[in-house]
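A.B. asks: Listed here are the chains, written in short residue letters.
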Amino acid sequence: MNAQPDIVVDTAAVAAATASKSLLRFITCGSVDDGKSTLLGRLLYDAGMLSDDQLDTLARESKRQRGDGSDVLDFSLLTDGLDAERQQGITIDVAYRYFHTARRSLIVADCPGHEQYTRNMATGASNAELAVVLVDARKGLLPQTRRHTYICGLLGIRHVVLAVNKMDLVDYDQATYETIATQYRQLAQDLGITDVHCLPVAALTGDNVGSRSPRMPWYQGESLLEVLETVDVATVHADDFRMPVQWVNRPDQSFRGYAGTISGGRVSRGDEIVVQPGVQRARIDRIVTADGDLDSAVEGQAVTLCFDREIDASRGDVIADALRPAPVADQFTCHLLWMGDTTLLPNRTYWMKIGTRTVNARVMSIKHKVDVNSQAKLAARHLDLNEVGYCTVGLDDAIAFEAYTANRTLGGFILIDRQSNATVACGMLDFALDRSSNVHWQHMDIDKSVRGSSKGQQPTCLWFTGLSGAGKSTIANLVERRLHVLGYHTYLLDGDNVRHGINKDLGFTPEARVENIRRVAEVAHLMVDAGLIVLVSVISPYQSERRSARELFDTGEFLEVFVDTTLAECEARDPKGLYQKARAGEIRNFTGIDSPYEKPEAPDIHLVTAGQRAEQLAEQVTQQLLARLNAPDVD
Amino acid sequence: MTIPAAPRTHLDDLEAESIHIFREVMASFQKPVMLYSIGKDSSVLLHLLRKAFYPGKSPIPLLHVDTTWKFREMIAFRNEVAAAGDVDVLVYTNQEGVRQGISPLTHGATVHTDVMKTQALKQALDKYGFDAAIGGARRDEEKSRAKERVFSFRNAQHRWDPKNQRPELWHTYNTHIRKGESVRVFPMSNWTEMDVWLYIQRENIPVVPLYFAKPRPIVERDGALIMVDDERFTLRDGETVQMREVRFRTLGCYPLTGAVESSATTLESIIEEMATSRSSERQGRVIDQDPTASMERKKQEGYF
Chain P
15 MNAQPDIVVD
25 TAAVAAATAS
35 KSLLRFITCG
45 SVDDGKSTLL
55 GRLLYDAGML
65 SDDQLDTLAR
75 ESKRQRGDGS
85 DVLDFSLLTD
95 GLDAERQQGI
105 TIDVAYRYFH
115 TARRSLIVAD
125 CPGHEQYTRN
135 MATGASNAEL
145 AVVLVDARKG
155 LLPQTRRHTY
165 ICGLLGIRHV
175 VLAVNKMDLV
185 DYDQATYETI
195 ATQYRQLAQD
205 LGITDVHCLP
215 VAALTGDNVG
225 SRSPRMPWYQ
235 GESLLEVLET
245 VDVATVHADD
255 FRMPVQWVNR
265 PDQSFRGYAG
275 TISGGRVSRG
285 DEIVVQPGVQ
295 RARIDRIVTA
305 DGDLDSAVEG
315 QAVTLCFDRE
325 IDASRGDVIA
335 DALRPAPVAD
345 QFTCHLLWMG
355 DTTLLPNRTY
365 WMKIGTRTVN
375 ARVMSIKHKV
385 DVNSQAKLAA
395 RHLDLNEVGY
405 CTVGLDDAIA
415 FEAYTANRTL
425 GGFILIDRQS
435 NATVACGMLD
445 FALDRSSNVH
455 WQHMDIDKSV
465 RGSSKGQQPT
475 CLWFTGLSGA
485 GKSTIANLVE
495 RRLHVLGYHT
505 YLLDGDNVRH
515 GINKDLGFTP
525 EARVENIRRV
535 AEVAHLMVDA
545 GLIVLVSVIS
555 PYQSERRSAR
565 ELFDTGEFLE
575 VFVDTTLAEC
585 EARDPKGLYQ
595 KARAGEIRNF
605 TGIDSPYEKP
615 EAPDIHLVTA
625 GQRAEQLAEQ
635 VTQQLLARLN
645 APDVD
Chain U
99 MTIPAAPRTH
109 LDDLEAESIH
119 IFREVMASFQ
129 KPVMLYSIGK
139 DSSVLLHLLR
149 KAFYPGKSPI
159 PLLHVDTTWK
169 FREMIAFRNE
179 VAAAGDVDVL
189 VYTNQEGVRQ
199 GISPLTHGAT
209 VHTDVMKTQA
219 LKQALDKYGF
229 DAAIGGARRD
239 EEKSRAKERV
249 FSFRNAQHRW
259 DPKNQRPELW
269 HTYNTHIRKG
279 ESVRVFPMSN
289 WTEMDVWLYI
299 QRENIPVVPL
309 YFAKPRPIVE
319 RDGALIMVDD
329 ERFTLRDGET
339 VQMREVRFRT
349 LGCYPLTGAV
359 ESSATTLESI
369 IEEMATSRSS
379 ERQGRVIDQD
389 PTASMERKKQ
399 EGYF
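Listed in order, the protein sequences are those of chains P and U.
FYI, the numbering for the first sequence is 15 to 649, going by our numbering.
FYI, the numbering for the second sequence is 99 to 402, going by our numbering.
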């Protein structure tokens with residue numbers, strides 16, 4: 015092993031102990047084979063960041079892992095964090111490392127290189143300004159080089175350092191290096207990355223890592239550490255002032271301020287702002303921080319803004335320059351990187367968190383999927399873990415946004431599964447769909463309550479869910495007859511019947527089931543709006559879609575009726591002979607057999623059918639409904 | 099008074115990031131708490147907490163899990179913080195552990211830490227129903243911390259699953275949990291030990307005097323310099339108490355915390371000593387050297 019360059023390090027370390035220097039966040043891309051962990055370990059070592067006890071541990075671990083008694087330090091062991099990872103000799107997760115030089119404070123996200131790569135790399139890249147891409151000098155550019163560079167570009171990294179590693183194994187040959195560097199510059203340019211530094215290194219021996227190598231005199235450029243210390247990443251910051259409201263600070267009657275982190279541009283006292291997605295305007299009266307009021311503040315600062323007049327602003331709103339406000343829309347195109355273990359289903363509702371706003375969102379269509387290795391566009395009906403798609407998304411409410419390339423905070427979002435709370439995707443907004451801004455709600459003077467009261471009824475949706483053959487349609491039919499006799503205006507939307515008409519283009523795959531329920535729910539919603547009492551009878555196997563259906567309606571307007579019949583009983587009845595066919599494999603995706611039924615957790619009406627006649631069950635539903643219809647109007 | 103804009107430094111960036119995280123917790127959780135361990139990281143964390151909610155007082159209370167074995171100077175410092183009156187300070191001790199007479203001297207570091215820290219913390223979180231617990235842990239401290247999220251999910255049993263962490267992109271944190279579940283939040287994830295000291299110096303933040311060198315009564319035990327802080331510490335055969343000039347890089351239970359010999363009596367000299375130091379911060383912690391009780395495993399069991 016090389017001797018630790020003590021004198022150099024001590025001087026540099028003392029100089030590094032200053033409070034006034036800039037911060038650079040970068041990632042490293044490459045697999046263990048490329049020597050990525052070795053390079054990173056070497057970088058920390060050369061920067062003097064490894065303590066004696068860390069070096070002792072490293073020496074001991076290196077010896078144990080190699081088992082040959084040699085003294086060579088295996089720097090890759092430094093970055094493997096979890097016991098689980100060390101046991102398997104792989105890295106599972108992004109690891110963060112920190113080091114200081116005299117000029118900069120550096121944070122590196124080390125992204126592992128196996129199956130989870132795309133997801134982990136996106137995570138690391140999301141906060142990085144620069145990427146170090148590693149290539150093995152013996153192998154040149156590989157498909158993964160292209161993949162890494164594509165993901166860097168997708169996540170908005172504009173600066174790449176190509177480290178051509180293992181130069182010691184190609185006899186420090188200049189021509190080999192030049193060929194690779196030239197090819198890479200072309201590749202990066204094709205993928206939209208304009209700022210590229212290339213350099214030859216040998217991570218194992220530290221050549222051109224911490225200091226310039228005497229073994230490659232033909233290379234006149236800087237060492238990797240020097241590049242990282244000096245590269246100018248003060249790039250295209252979003253010009254226009256934007257700040258998502260994080261929290262409203264109201265300690266007492268005399269103070270009301272909007273706390274948040276500025277995500278673009280600059281704001282000064284006296285500036286006119288607009289609170290988006292609304293149109294209310296005000297001027298900045300104070301820019302408050304614990305260290306005193308500021309005259310102006312810029313991107314990255316966490317401040318509290320006070321206005322010169324009282325207007326409404328709450329968490330999730332965006333405070334923007336009034337003269338150059340952000341676009342507002344509810345439908346977009348975007349790149350979506352799927353990170354969930356369960357598949358993306360178009361039209362399913364997820365939570366989108368963008369800035370400080372959380373809003374219901376659906377992927378309306380997948381225009382194409384992108385092969386991350388070749389960037390070929392492929393047709394796709396759904397997205398699986400680590401797949402990238404170009405999609406359209408629709409939101410329940412309009413938001414203020416920016417293209418991701420202009421503003422990461424207002425253009426980058428995550429999708430959260432509403433059952434599991436898992437983060438299932440990240441997305442980068444591109445632009446708003448025209449139809450989004452051109453379709454407006456037409457105001458109507460006659461509304462639902464007027465239409466309902468002319469019939470003397472409160473419009474309601476009764477949603478019957480349960481397995482095929484559970485008795486949904488039978489019971490719903492009896493309830494409707496009873497309501498009709500009582501003089502109510504009703505309609506029964508039956509799952510089988512709508513599949514002959516409005517939904518005849520849909521099959522029984524998960525994607526089609528999601529869309530089937532969405533359309534049925536929308537039709538039921540229109541009918542309730544028309545003043546009717548609507549009975550819906552559909553299997554509706556997924557909790558998520560039943561929840562989305564409920565959310566179309568006002569509080570109390572939607573009653574979920576769980577027709578709870580055991581699978582064995584349904585199969586024994588088998589009124590349409592479908593279970594027999596499903597068991598024989600003649601029908602695929604049959605609920606309860608090879609497609610799941612997710613039971614309601616808290617139905618409004620729970621009908622346990624065992625030992626009960628349909629008439630009794632229908633009466634139970636009718637009575638509960640009448641109780642609601644006759645209750646005093648609480649809305 | 100207004101302040102002109104100055105070029106932003108790495109400390110400015112770290113401070114802004116931490117304040118953002120505090121506010122995100124406040125806006126997203128029902129009942130957050132800040133874990134206060136009285137050390138330098140907690141001092142910085144408290145400073146950031148105050149800044150985040152200025153000019154209001156902190157809406158988030160502090161919780162100190164008291165093992166009854168902290169240095170006396172730490173307890174005095176904590177009482178001063180509580181006396182300032184601008185933040186609420188809760189103190190919790192595992193009384194069952196006290197009844198059993200759990201002690202680091204007789205039961206060893208592992209049992210003591212489990213009963214008086216890990217179990218105590220879980221009891222306190224359950225007792226008050228906190229759904230977000232903010233801590234001062236940093237990723238540069240330890241390997242398993244380097245891979246933990248800023249918003250780190252815990253199931254209803256307070257357990258961490260390192261293999262099933264939520265991807266965390268930008269500063270867009272997923273704060274959704276079910277009833278009974280919770281998160282641990284680490285606003286100082288991206289700070290280093292050096293950043294902490296530089297920031298303490300820049301902001302003039304008070305810290306426990308134990309961080310500064312002074313002659314103290316020391317016993318050398320198992321290679322560590324242990325300060326004899328009260329009469330519960332009994333000497334083994336051949337051990338003697340010597341006055342030695344030492345300071346502490348981290349603070350915890352006094353029988354489990356090793357001092358380092360040092361003459362650094364000012365912030366400037368601490369920072370210079372650190373810049374040229376060849377040993378890491380946690381070296382002084384007896385608790386971290388027990389191989390069967392790695393940080394990763396303790397965290398899975400609910401440790402901070």
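None of these hints come from the bench; they were simulated from the model.
One should not assume that every hint holds.
As the list claims (entries may be wrong) - As a list, the in silico EDC-like pairs of lysine to aspartate or glutamate whose alpha-carbon atoms are at most 20 Å apart:
#1 U/Lys155 x P/Asp307
#2 U/Lys149 x P/Glu615
#3 U/Lys277 x P/Glu615
#4 U/Lys149 x P/Asp309
#5 P/Lys35 x U/Glu301
A.B. asks: Report the numbers of all earlier hints that the structure fails to satisfy, in ascending order.
C.D. replies: 2
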